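Asks: The residues making up each chain are set out below.
There are 2 protein chains.
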Amino acid sequence: MTTATDRNAVSVRRELRATDRSSIERLLTATGFFNPEELAVAMELVDDRLIEGQESHYRFLVAEHRSRVAGYACWGPILGTAESADLYWIAVDPACQGLGVGRALLAEAERWLAESGRLRVWVETAGRPQYQPTRAFYLGCGYRIAAELESFYGPGDDKVVFLKVLEEND
Amino acid sequence: MTTATDRNAVSVRRELRATDRSSIERLLTATGFFNPEELAVAMELVDDRLIEGQESHYRFLVAEHRSRVAGYACWGPILGTAESADLYWIAVDPACQGLGVGRALLAEAERWLAESGRLRVWVETAGRPQYQPTRAFYLGCGYRIAAELESFYGPGDDKVVFLKVLEEND
Numbered sequence: 001m002t003t004a005t006d007r008n009a010v011s012v013r014r015e016l017r018a019t020d021r022s023s024i025e026r027l028l029t030a031t032g033f034f035n036p037e038e039l040a041v042a043m044e045l046v047d048d049r050l051i052e053g054q055e056s057h058y059r060f061l062v063a064e065h066r067s068r069v070a071g072y073a074c075w076g077p078i079l080g081t082a083e084s085a086d087l088y089w090i091a092v093d094p095a096c097q098g099l100g101v102g103r104a105l106l107a108e109a110e111r112w113l114a115e116s117g118r119l120r121v122w123v124e125t126a127g128r129p130q131y132q133p134t135r136a137f138y139l140g141c142g143y144r145i146a147a148e149l150e151s152f153y154g155p156g157d158d159k160v161v162f163l164k165v166l167e168e169n170d
Numbered sequence: 001m002t003t004a005t006d007r008n009a010v011s012v013r014r015e016l017r018a019t020d021r022s023s024i025e026r027l028l029t030a031t032g033f034f035n036p037e038e039l040a041v042a043m044e045l046v047d048d049r050l051i052e053g054q055e056s057h058y059r060f061l062v063a064e065h066r067s068r069v070a071g072y073a074c075w076g077p078i079l080g081t082a083e084s085a086d087l088y089w090i091a092v093d094p095a096c097q098g099l100g101v102g103r104a105l106l107a108e109a110e111r112w113l114a115e116s117g118r119l120r121v122w123v124e125t126a127g128r129p130q131y132q133p134t135r136a137f138y139l140g141c142g143y144r145i146a147a148e149l150e151s152f153y154g155p156g157d158d159k160v161v162f163l164k165v166l167e168e169n170d
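Chains Y and C are the protein sequences, given in the same order.
Sequential numbering of the first sequence, starting at 1, is according to the numbering used here.
Sequential numbering of the second sequence, starting at 1, is according to the numbering used here.
Chain Y on its own, in the form it takes in the complex (with noise of 0.2 angstroms):
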């Protein structure tokens, strides 16, 4: 019998399978949320974890929501940094939005870096109307702006990076 709440579990495994880059591809073209060149990006990271598997700087979590793909997160460590990293990405399906995917797919990576030793996690968004759901999704699972780069994206859209650091034995 499966209850409701297992009907809306979201399980996250720290694994990028060949068969996830089609739905990958998918969720980011259904979120409409990035435009060509930043897809392009967005797959190459993935291409370049399944080509060179544990060599690639990229690590990948991928979120499963009824054996589907729900979503997917990417970072990775900053070269020439003692405990830095890069939060490239979380994309959440759309159609698995309000299940706490992208919450989960966010502890996940944050309980992965911690373990490597990467306690201070970065992430850039943009300052754009269109990202005032991710920013607020960062500043409520306690990252803070840590910087603000005026137009970096284009006339009057700022890049704004946010910090959390993380305790050692998170």
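Be careful, since some hints might not be right.
Put simply, identical chains are the same to the list, so a pair is met inside one copy or across any two.
In silico SDA-like pairs for lysine to any residue, Cα to Cα no more than 25 angstroms straight-line [claimed, not checked]: (1) Lys164 with Gly142; (2) Lys164 with Gly127; (3) Lys164 with Val10; (4) Lys164 with Phe137; (5) Lys164 with Ala126; (6) Lys164 with Arg13; (7) Lys164 with Leu99; (8) Lys164 with Glu15; (9) Lys164 with Phe33; (10) Lys164 with Leu149; (11) Lys164 with Leu45; (12) Lys164 with Gly140; (13) Lys164 with Thr125; (14) Lys164 with Ile145; (15) Lys164 with Ala107; (16) Lys164 with Ala147; (17) Lys164 with Thr134; (18) Lys164 with Tyr153.
Source of the hints: derived by calculation from the structure; they are not laboratory data.
Here the structure is a predicted model, which is why all the values come from computation and not from measurement.
With the hints as your guide, set chain C onto chain Y.
Replies: Just chain C now, kept in the frame of chain Y:
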């Protein structure tokens, strides 16, 4: 006849040649500035350009003094932005310091950036004492501090982000 001025002349070309590779590796090492990880990253960018040519994301400028490589710079447009570019590296052979090699590289890079419509130039450097001359160099060349990311590189070692907005017809 070669005048003193000619003897100290620095020329800058917008072209990276395969024969520059060993000179660049040597001068980066000679600066004593970069740790092995940073050196590896710098050489990865060089190799990317040498292998991919015009397809590479990275644009190189090479300064010559008395027909020898005296320094180099590397920049790239920031994908997904309208006018932003990263100025990744300027490095000068310690044997050629004081000849204005850094300024010549920066001036030519800025001309190239402006011609390419990349009017917002971002430079990342570190807050630790070793980088004080670097920070003074950029401040003296019209850059201003846009952000300081605390302990980015390590405890107490901030990332300092500089910005210069170029004139369209620079």
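Asks: Determine for every hint whether it applies to the structure shown.
Replies: Verification of the hints:
{"no.": "1", "hint": "Lys164 with Gly142", "in the structure": "within (7 angstroms within a copy, 32 angstroms between copies)"}
{"no.": "2", "hint": "Lys164 with Gly127", "in the structure": "both (18 angstroms within a copy, 20 angstroms between copies)"}
{"no.": "3", "hint": "Lys164 with Val10", "in the structure": "within (24 angstroms within a copy, 45 angstroms between copies)"}
{"no.": "4", "hint": "Lys164 with Phe137", "in the structure": "within (13 angstroms within a copy, 31 angstroms between copies)"}
{"no.": "5", "hint": "Lys164 with Ala126", "in the structure": "both (17 angstroms within a copy, 20 angstroms between copies)"}
{"no.": "6", "hint": "Lys164 with Arg13", "in the structure": "within (22 angstroms within a copy, 42 angstroms between copies)"}
{"no.": "7", "hint": "Lys164 with Leu99", "in the structure": "within (23 angstroms within a copy, 43 angstroms between copies)"}
{"no.": "8", "hint": "Lys164 with Glu15", "in the structure": "within (24 angstroms within a copy, 41 angstroms between copies)"}
{"no.": "9", "hint": "Lys164 with Phe33", "in the structure": "within (24 angstroms within a copy, 29 angstroms between copies)"}
{"no.": "10", "hint": "Lys164 with Leu149", "in the structure": "both (18 angstroms within a copy, 12 angstroms between copies)"}
{"no.": "11", "hint": "Lys164 with Leu45", "in the structure": "within (23 angstroms within a copy, 30 angstroms between copies)"}
{"no.": "12", "hint": "Lys164 with Gly140", "in the structure": "within (11 angstroms within a copy, 33 angstroms between copies)"}
{"no.": "13", "hint": "Lys164 with Thr125", "in the structure": "both (14 angstroms within a copy, 21 angstroms between copies)"}
{"no.": "14", "hint": "Lys164 with Ile145", "in the structure": "both (9 angstroms within a copy, 22 angstroms between copies)"}
{"no.": "15", "hint": "Lys164 with Ala107", "in the structure": "within (12 angstroms within a copy, 37 angstroms between copies)"}
{"no.": "16", "hint": "Lys164 with Ala147", "in the structure": "both (13 angstroms within a copy, 17 angstroms between copies)"}
{"no.": "17", "hint": "Lys164 with Thr134", "in the structure": "within (15 angstroms within a copy, 28 angstroms between copies)"}
{"no.": "18", "hint": "Lys164 with Tyr153", "in the structure": "both (23 angstroms within a copy, 15 angstroms between copies)"}
Checked against the numbered hints given earlier, the structure satisfies every one of them.
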